[in-house]
Structure formats: structure tokens, C-alpha cells
Amino acid sequence: MLPFVIRRFLLLIPVFIGLSMLVFVIGRLLPGDPVQLAAGPHATREEIAALAAEFGLDQPLPVQYLAYAKGLAIGDWGRSIQSRQPVIDDLKTFMPATLELVIAAMIVAILIGIPTGLLAAVYRDRWPDTLSRAVSLGAISIPRFFLGLLLQLALAMWLGLLPLGGRLPITAEPPPFLTGFLLIDTLVARDFSTFFLALQHMAMPAVALSLSPLATIMRMMRASTLEVLSQDYVLTARALGLSQRLTIFKYVLKNALSASLTVIGLYFGWLLGGTVLVETVFDWPGIGLYATRAITTQDFMPVMGVTLCIGLIFVAVNLLVDLAYGLVNPKVRLS
Amino acid sequence: MSVAPHDFGDFPRSAAAARFEAWRRAFYRFSGSRLSVIGLGICVFLVLVAIFGESFVPYPQHVTGGIAPRARFLPPSATHWFGTNELGQDVFTLVVAGSRVSLLCGFAVVFAAAVVGTVLGGIAGYYGGWTDDLIMRLTDLKLTIPGLILAMAIAAALGPGIVNMIIAVSLSWWPGFARLVRGEVLSKKEELFVLAARALGASHARLIWRHIVPNVLGAIVIKMSLDMGFAILTVAALGFIGIGVKPPTPEWGSLLAIARGYMPEFWWTAVFPGLAIFLAVFGFNLLGDGLRDVLDPKARR
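Residue numbers (this note's numbering), protein chains in the order written: chain A, 1 to 335; chain B, 1001 to 1301.
One should not assume that every hint holds.
Simulated crosslink set (BS3-like; lysine-lysine; CA at most 27 Å straight-line) [stated by the list, open to error]:
(1) B:Lys-1189 / B:Lys-1142
(2) A:Lys-70 / B:Lys-1142
(3) A:Lys-92 / B:Lys-1189
(4) B:Lys-1142 / B:Lys-1188
(5) A:Lys-92 / A:Lys-70
Computed list of chain A residues with no C-beta within reach of chain B, every gap over 10 Å [said to hold, decoys possible]:
(6) Glu-54
(7) Ser-83
(8) Trp-158
(9) Ala-172
(10) Val-188
(11) Arg-245
(12) Leu-327
Which chain A residues stay away from chain B? Per the calculated CB distances, all over 10 Å, these [as the list claims (entries may be wrong)]:
(13) Leu-2
(14) Glu-47
(15) Leu-57
(16) Ile-112
(17) Leu-178
(18) Ser-243
(19) Gly-274
(20) Ala-324
If you're looking for bench data, these hints aren't it; they were derived computationally from the structure. Backbone N, C-alpha and C define an ideal beta-carbon position, used for all residues, glycine too.
Next comes chain A alone, as it looks inside the complex:
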């Protein structure tokens, strides 16, 4: 197991380097003159030059990349040219909100997707299966931002059951910063009223975000369950007279789950990027909103930082999934 882990970790180094280069190129694609934009319309030529020098933008591109890469290594991810804040500080502020939302959405998706997928496979070609196919295709097809708007319209505006957006009302006192996850921080601080407020605020965005992974996990679970159901050992179990319940829960479920693991890992990374729309609709102060603002103001350091950060989390999650696979399946370790 250890050589496998080490090999997987060493493989990360070229990925990091490639990612940082790609991100730098993308950041450089952004149009216009960010310096001019930040300096304002009335800046003199000298002021613009001074600002460019301050951010190292007067250097040739390879030099800029090397400086950027060196900074990345020591935790200096550059500064936003708009707010003058270090990007890494902004990421620390906004990332937990996004992570919390994505994790909540994934929990919803897994809790609903796994049992329904299993059910669809067991009742293959009968009404639960057809229903699950229609529901999952519908869930994938409804745009997150439209679903978010519908939820807002129905639950917040018409019925007044849930708040429109944000993480907490302005009047509420946020808990002391510990993990940045409001649901955890409030529990640690034993502030239960704020905990419920945070939960209320999270409900609609988490549901809006969870639908497409839910559908995918459901379909994946159905396919892998069908695969397992056709195996000889299931036939043997049945031939030996094991009850349907015992066969499914003891032998089929475990083997079908491992195939769904990959999808869950992949989706986690995709959702980090996909939160942009949900965060826009619900004014959720996460990195999606941060990135959108940076892109529209042509502030390239934050754009690079967000892209890199999401890329790293994506790679890390996939590494974890691979390791978990290696733990479950010895064949993977040897290849």
C-alpha cells in the first residue's frame, strides 16, 4: 500500500506545475488593461506605471510566471488589484462557504441517490425504474439557476418559509471563526438559534445544487447494481435460498457502492465550479461569487487563485478516491 500512496503523491507534482502554468495563461487572457481599470479614469501616466510596477506587471511574461510560481510555493498567491487584498486571504474567507454548501449538497444527493438507484435496479423495467429515469433526466435538465429562482419564488417570496439568500441575516451574530463552516462553528459555540438560522439559509441553495449529482449518482448506482445482480455469486446466493433482502443488503449493496465512489469524487470537484450559478442566485458569499466579480472587473489574480484552488481540491479529492479504491480493491494497488 505504501509504494502506491507515494507514487500517487509524486504524480501530483507535474499536475501542480501544469495547473499553475495553465492558470497563468488563462489569467493572462483576460482583456483590457486591469491596471488602467484599477487606477481609475483620471490616473496619470506616471500613476499607472507605478501601479504596474507595484504588481510586477511591467516585467516580461516568463519572469512574471516565475515570480507567480515562486509565490505560490510560499503561500503568496498574489493580490487582487481591485481590493489590494492578498488572494489567499480572500480564498480563506470565501472557500469555507462554498465547501460547506457543496458538502451539504453532496450529502443530500448521496442520501437520496443511493437508495433510489438501488430501488430502480431491483425493480428494473417496472414503474420505479421508469419513474427514476424520468425524474433523473428531469433533475439533470432543470437549470440550477432556474430551480433556485423557482424555490425563491415559491418558498421565500410567496410562502415566506425560508430566507431569500445569504448565509445569515445581517442581524445575526456569526460564531467565532473556527472551521469557517457555520453549521459546525455554531454547534461548537453552542449557539443553537444561529445554527438553525444557518440551516434555514442553506436549505434552498443546497437542494438547488444537489439535483444534478443526485440524478447522476442514482443512474450510476442503478447501473452498477444491475452489473452486480448479474454476477454468479448473486445467483449462487439466490440458489442457496437467501432472502431477497439479505442478498441485496449483504452482497449486492457493498459491491455496487464502490463503483459509485468514483462518480461522487468527480462530482465533488465539478460542483465546486458549478456553485457559481447557485451562489449568484442566492447571494451566497462563496468563491463562485468572488470569481464572477473578479472576472467582470478583469481582476486576474483572484481568477487565477480560484481556478487553481478548485483544481487543487479536485485533484486532492480524486487522489483520496483513488486511495480509497486501493484500500478496497488490491488489484488497483498493483497496476
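Keeping the supplied structure of chain A fixed, place chain B upon it in accordance with the hints.
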């Protein structure tokens, strides 16, 4: 009592007959699935609306940006089926006109991504070696960056406009095709018919164009049809964020973004464009799913 030689009885006599037979069976399987047929119906309907809809809309002047300040925010009625918006424009007219933009953009994105992905994936799969490594590592890297953020950044970089938006989305879309085509080419390359053609002295170009590409095309078409719904969705999402197609060109995502500001009183300005996006994505997803079931033997279970 003799058993009818059933297995030989309907053996196709020529290649054309075999192909016809295969299509007939595929069609039979396809039409056996109610959801697939519904999907096909939705797609045909949308394509017809996109092509001819603009000629039949009740208020064609609103398509090009004409406004009617006296008819602002009228609720849905017999004269305005979907109501009117903040400029007094007929929402039904805008939604119908928007179908052309959405479908065209969606198709353009998928087509461009398929072409780029096929060329790169084909080169990687056919030649192997370091070209393969280089292209595939690039693909892996692209896949670690969320497509929407990449598309947003590129779209912002290129500036507003339909063509720029199409370029931006397809630049973030090709890696999926590249992976698919590479895998297919790798497996087809070793098949006997390709080896036989090579043994007969066929050139690389002939091998690729005559023997490999036709056999990979099916998989590409399936992926194109599966991706079409998501491409429409992405185009609408960019419009919603405000990068991409800009008013007065009617586009579903940007219509929805504007309407957001007038909820909940004037909900119809948001709900109908949103439903249009949903219907289009749903229809193409159903169709793509059905096509895959029919054309891809591996996925059939």
C-alpha cells in the same frame, strides 16, 4: 417435421440490405421506449420553432428590440400568452425567438468541440508515444478546471458576442471528445480489418479516413447528442451571469437574469424563459439517452 431455417431465412443479401436491417431494428428498439420518443418529439418541435417560429410570432417588432412602454408588465392573457416584460415586449415572442439563438449556439458548441476533440484525440490514439502523452496530459489538466469558470474567463477575455461565447464554451468542452475518440481509435486500430488494410499497404490517411473514422463516428454522434442539452444549458448559464449573448438579442438565460429583478410580482417574465430552457435541455437529454441505448451495445441493459 422440419424446423424452418429461421437463422438463415432473414440473412441480409447485400451490404445495403444489412444496413437497412440494422437501422430498422435500431428504430424499432428506439420507438419501443416511450421516453425516447417523447424526447424526439420535443426536439423536432423545438427545431421547427427555431426555424419557422419567428415568422409566426404575434409581435415580430419585439424580436429586434422594439418596445411598447404602455403595455408594461401585463399578466398572461389571450393577447399576450406569456405576459409582457418591463419594456412592454411580448414574452411569448421573445421566448420563441430565443429558441433559435439557444439551439444554434448549443449545436455550434458541440460541433466545434467534437471537431477539435476528434482531431486531437485521433492524433493521440493513432500515433501514440509522446504526442499521445502530451495531448492526454493537456486533456487531464483541462478536466481539473471547472468548465463553467474556464468558459466564463475565456468569454470575458474575448468580449461580448455570440461567436466569442461559442468559442469560449467549446474551448472548455473538447477534452471529453478527445478522451472518447482516443479510446475508440486505440481499440479500433488493433482490429483485424485495420491490420488487414495495413498489411495490404494502405497509407496512414487511408487507414484513418476509410477504416477508423467511420467506425468511431457512431460514438461521436452519441456523445454529441448527449452533450447538446448540456451545451444549451451552459449557453443559458453564461447569458444568466451576464457574459455571452447580450440584449436586445433575445436569449433565454439573459431574459431570466433580467426578470430576476421583477420577482415575485411579475413572475411570468422569469418562469416562461426558464421553462423553455428546461424543455430544451430535457428534450435533448431524453433523445441522447435513447440514442445511446439503441446505438451503443455496451450501454444497453
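Against the structure, the hints come out as follows:
For the hint pairing Lys-1189 (chain B) with Lys-1142 (chain B), the CA-to-CA distance comes to about 26 Å; that is within 27 Å, so the pair holds. For the hint pairing Lys-70 (chain A) with Lys-1142 (chain B), the CA-to-CA distance comes to about 23 Å; that is within 27 Å, so the pair holds. Between Lys-92 (chain A) and Lys-1189 (chain B), the direct Cα distance comes to roughly 49 Å. Violation of the 27 Å bound is thereby established for this hinted pair. Restraint check: the Cα-Cα separation between Lys-1142 (chain B) and Lys-1188 (chain B) comes to about 26 Å, which is no more than 27 Å; the hinted pair holds.
For the proposed pair Lys-92 (chain A) and Lys-70 (chain A), the alpha carbon gap of about 20 Å is at most 27 Å, so the pair holds. Interface exclusion of Glu-54 (chain A) from chain B stands, the closest Cβ pair being 23 Å apart, more than 10 Å. Look at Ser-83 (chain A): its CB is around 18 Å from the nearest CB on chain B, clear of 10 Å, so calling it non-interface holds up. The beta carbon of Trp-158 (chain A) sits about 6 Å from the closest Cβ of chain B, which is not more than 10 Å, so the claim that it is off the interface is violated.
For Ala-172 (chain A), the non-interface assignment is confirmed: its Cβ lies about 24 Å from the closest Cβ of chain B, beyond the 10 Å cut-off. With a cut of 10 Å on Cβ distances, Val-188 (chain A) stays outside the contact zone with chain B, its closest approach being about 31 Å. A cut-off of 10 Å between C-beta atoms confirms that Arg-245 (chain A) is not in contact with chain B; the least separation is 23 Å. Every CB of chain B is more than 10 Å from the CB of Leu-327 (chain A) (nearest about 23 Å), matching its label as outside the interface.
The non-interface label for Leu-2 (chain A) is consistent with chain B: the shortest C-beta to C-beta separation is roughly 25 Å, beyond 10 Å. The beta carbon of Glu-47 (chain A) sits about 25 Å from the closest Cβ of chain B, which is more than 10 Å, so the claim that it is off the interface holds. With a minimum CB-CB distance of about 16 Å to chain B, Leu-57 (chain A) clears the 10 Å threshold, and the non-interface call stands. Interface exclusion of Ile-112 (chain A) from chain B stands, the closest Cβ pair being 19 Å apart, more than 10 Å.
Every C-beta of chain B lies more than 10 Å from that of Leu-178 (chain A), the closest at about 28 Å, which supports listing it as non-interface. With a cut of 10 Å on Cβ distances, Ser-243 (chain A) stays outside the contact zone with chain B, its closest approach being about 25 Å. For Gly-274 (chain A), the condition that its CB be more than 10 Å from all CB atoms of chain B is violated, with the nearest at approximately 6 Å. Look at Ala-324 (chain A): its CB is around 19 Å from the nearest CB on chain B, clear of 10 Å, so calling it non-interface holds up.
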